[in-house]
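Student: Protein sequences appear in the order of chains H and F. Every number in this note's numbering is 3 more than the matching position in the first sequence, counting from 1. Every number in this note's numbering is 43 more than the matching position in the second sequence, counting from 1.
Do not take every clue at face value.
Said to hold, decoys possible - Simulated crosslink set (DSS-like; lysine-lysine; CA at most 30 Å straight-line):
id	chain 1	residue 1	chain 2	residue 2
1	H	Lys423	F	Lys209
2	H	Lys119	F	Lys164
3	H	Lys423	F	Lys248
4	F	Lys248	H	Lys462
5	H	Lys84	H	Lys244
If you are wondering where the hints come from, they were derived from the structure by calculation, not from laboratory data.
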Amino acid sequence: MTYTSLVRNLCLTLLLVGTGLTGCKENTISEGVLPYFEPATTDADGGTWRTVLLSSAGSITVPTPTAITSDAYQTELTSVKNGMLTSTPEQNTAVNYWGQGGVVRWNQIARQLVAKYNTAPVYNDVTGQYLATDPNAPVASLPFATRLYALLSAAQYDALVVAWRAKYQYNRPSLNRQNIITRVPVADVPSYPSEGAAIAEASAQILTYFFPNEADYIKAKATEHKQSQLWAGINVASDVKAAETLATAVVAVALNRARTDRFSNSADTWTSLKAKAPYDVTWQSLEIPARVPVGPLAGRVKTWFDSTAVTRLAPVAPPLTNTTAFQTSLTEVRAVADSRTRDQWATADYWNDGLATYTIAGHWNLIAEQLIQEDHQNELRAARTYAVLNRALHDVTTTGWQAKYTYFVPRPAQLDTQIKTSVLMPNSPAYVSDHAAQSAAANTILTYLFPVETTWLKKQSDAAIISTLYAGTQYRFSIDAGSQLGIGIGTLATNWAKADGAK
Amino acid sequence: MQQLIRLSLIVLCVQLPRLATAQGLMDGFMKGDRKASLAVTYSQETYNTYYRGTTPFRDPNLGTVTTQAVNLYGIYGLGYDLDLIVTAPYVRTEASAGYQPKQEGFQDVTAALRWEAFDYKFGKSRLSWLFALGYSMPIQNYVNDNMLALGQGSKNIDGRTMLHYKSGGFFLTGQAGYIRRGPVTLDRIVNVYDPSQVNPNSGMKVNVPDVAEFIVRTGYATKRVYIDVWGQQQTPYAAGTDIGPGIPFPTNAIGFRRVGGTLFLRLVGRLGLNFGYSTTLEGQNIGKSTRLNGGIIIGN
Chain H
4 MTYTSLVRNL CLTLLLVGTG LTGCKENTIS EGVLPYFEPA TTDADGGTWR
54 TVLLSSAGSI TVPTPTAITS DAYQTELTSV KNGMLTSTPE QNTAVNYWGQ
104 GGVVRWNQIA RQLVAKYNTA PVYNDVTGQY LATDPNAPVA SLPFATRLYA
154 LLSAAQYDAL VVAWRAKYQY NRPSLNRQNI ITRVPVADVP SYPSEGAAIA
204 EASAQILTYF FPNEADYIKA KATEHKQSQL WAGINVASDV KAAETLATAV
254 VAVALNRART DRFSNSADTW TSLKAKAPYD VTWQSLEIPA RVPVGPLAGR
304 VKTWFDSTAV TRLAPVAPPL TNTTAFQTSL TEVRAVADSR TRDQWATADY
354 WNDGLATYTI AGHWNLIAEQ LIQEDHQNEL RAARTYAVLN RALHDVTTTG
404 WQAKYTYFVP RPAQLDTQIK TSVLMPNSPA YVSDHAAQSA AANTILTYLF
454 PVETTWLKKQ SDAAIISTLY AGTQYRFSID AGSQLGIGIG TLATNWAKAD
504 GAK
Chain F
44 MQQLIRLSLI VLCVQLPRLA TAQGLMDGFM KGDRKASLAV TYSQETYNTY
94 YRGTTPFRDP NLGTVTTQAV NLYGIYGLGY DLDLIVTAPY VRTEASAGYQ
144 PKQEGFQDVT AALRWEAFDY KFGKSRLSWL FALGYSMPIQ NYVNDNMLAL
194 GQGSKNIDGR TMLHYKSGGF FLTGQAGYIR RGPVTLDRIV NVYDPSQVNP
244 NSGMKVNVPD VAEFIVRTGY ATKRVYIDVW GQQQTPYAAG TDIGPGIPFP
294 TNAIGFRRVG GTLFLRLVGR LGLNFGYSTT LEGQNIGKST RLNGGIIIGN
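Chain H on its own, in the form it takes in the complex (with noise of 0.2 Å):
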């Protein structure tokens, strides 16, 4: 080989060398970046409007606050103001991430521990046992997941109530009135009590109460975001103080509600009411070993809306396996499964959200958010949002529940073994279909609170109802029943919005 050949060579060992060496740490899941807003209104009348678990925003009082010429308060304010000018940088990633909105972030919160929880034992063959689970942590299948998320937003919404009734009821300027510019865009409403505060200490006590295994995770959560109010110069120390206070009398109330509403108790067991099920072929589990199915007595849950109405919309009776009609929409799915397309399965696979996930209500919740941000919503009015959205969706819950563990209908692969579905085989019965119910409900709602996204949410809506025919797992008689039932308790819950108080 002569010399320059030699050095062609070498200096392209080297390139090639270098190239293969270029192993960068990436992140494993990209995301975008939410802008930041200032809320679009200040909702000066929020604190009449109808509370979900008090009498009235009333029933709970909040003391005066001293005023803003003493010295206990100028000192307060000149601890904030010496703060903002000595800030980390970790006390600035807190003020940013809390800065987005504390209701949206506690949403965020809730859906992730829900995720974490939702699960179910797995069986391996080779040692005969089933993965380890923790006997003290809840497993949040969609009923613990729909009751959770009404909870915890009807006790944001009412201590954000309550706070808004007190703030218009002291007046008490707002920082930013007082020459201190916060660092993340606020409303222009008065500081005490910390509105923020409220969100984080009804939050925290809440989702402590169900999962108890992230009492610390929770509470440090809730600590930065109580502090990130100072450190963001909103609040000063007084106003985070009677927050507290406020918002722990509201979970009270709410507690008080989530111990006695039947979620937990029932005299029956599941097989006595299979036993008794008004239906011809009844639901058995198609995992291999068999095992036992999902909330079976979660239907037996008090309703948030009057319970005459929500039970008038109880769905009907469905057809029995040796109809007509039952063997049509059998037909059908099989027909979808056999030809099932590259997008139909992209269809039922985003719409799924299945174990491990945040359930189709979370999905939903997800949706909220994002049009929360969209419309420049302000605190109260996002926990408005959630509160009615996550009170008709476990209202869905429900009753879509005691229909399944009424009738107990089967699965279509239960009666045709040649149905592949596209997702893991939910293990519950089959009537009424909660992805069409859920998504029923949340679109009627939803349009209903941001009528400018009318045409997406129903593009959205449209598919996540027909996603689990696409999938297998569903009749289409199902999913119309589902629907149905979505549309009329949606349709409960507007009308509580309509005269809530707010415009």
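With the hints as your guide, set chain F onto chain H.
Tutor: Same frame as chain H, now just chain F:
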């Protein structure tokens, strides 16, 4: 020299699904200037135990998973020291139990350049140092987030270097490689809690972990017969997840240790037959699979 060129087709570059065997991209035998060949192979791979993380697991809801593939593998010698290799498989994967549908279709197409940079002769032996660079991408938009998926769906860059020693009929090849895997977009929003993620549930685009690979191959090659045994170790390099409920499959960190053997027989003229067998000794987020393949090779 003729038999070396002919026998360079032995190693099949089969970019099979992540739950099936993916043998080394290539071997150390150069094709030769303006010489070409084409191999058509059928393979079958089965497993009933797979690794969740590094723990062996048998899921009664899956049963035995069988993957069948037909692979096309072509080499063309652009120069005496530069080869172009192109390969494309058609794959079908099926589970014997449960309700998962079978996955079937064209998988990934791969194109690579192999360059023999240096060679040293001493006596009757020859030692060569080679480099290779390859690129692979999915042929069609197949489902990638599934236990039976045809592949991960990522676009990959594959870089290798190898030392190839030949003395008479005996040869020994050592190979080191790094596969840089690109991101994929899932059909769904990711729910898995990742502490580095500030806004949860906002992502559908995930990163597929890179892998580093080492292969040692030794055997005997003559005009009519080629026989070898090989060992392959693949280790995930970037951080990845383990198989679990709700965890996306493309983000799993895949690794394995496999051994196998190959046999090639030249029949007549430019036609030959080849057979291969491999088994998995250890693995990470992959099936503990056994693979058999056979095919014909046409060319010089």
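Student: Now look at each hint and say whether the structure bears it out.
Tutor: Verification of the hints:
{"no.": "1", "hint": "Lys423/H to Lys209/F", "result": "52 Å, violated"}
{"no.": "2", "hint": "Lys119/H to Lys164/F", "result": "61 Å, violated"}
{"no.": "3", "hint": "Lys423/H to Lys248/F", "result": "27 Å, holds"}
{"no.": "4", "hint": "Lys248/F to Lys462/H", "result": "22 Å, holds"}
{"no.": "5", "hint": "Lys84/H to Lys244/H", "result": "18 Å, holds"}
Taken one by one, the earlier hints fail for this structure at numbers 1, 2, listed in ascending order.
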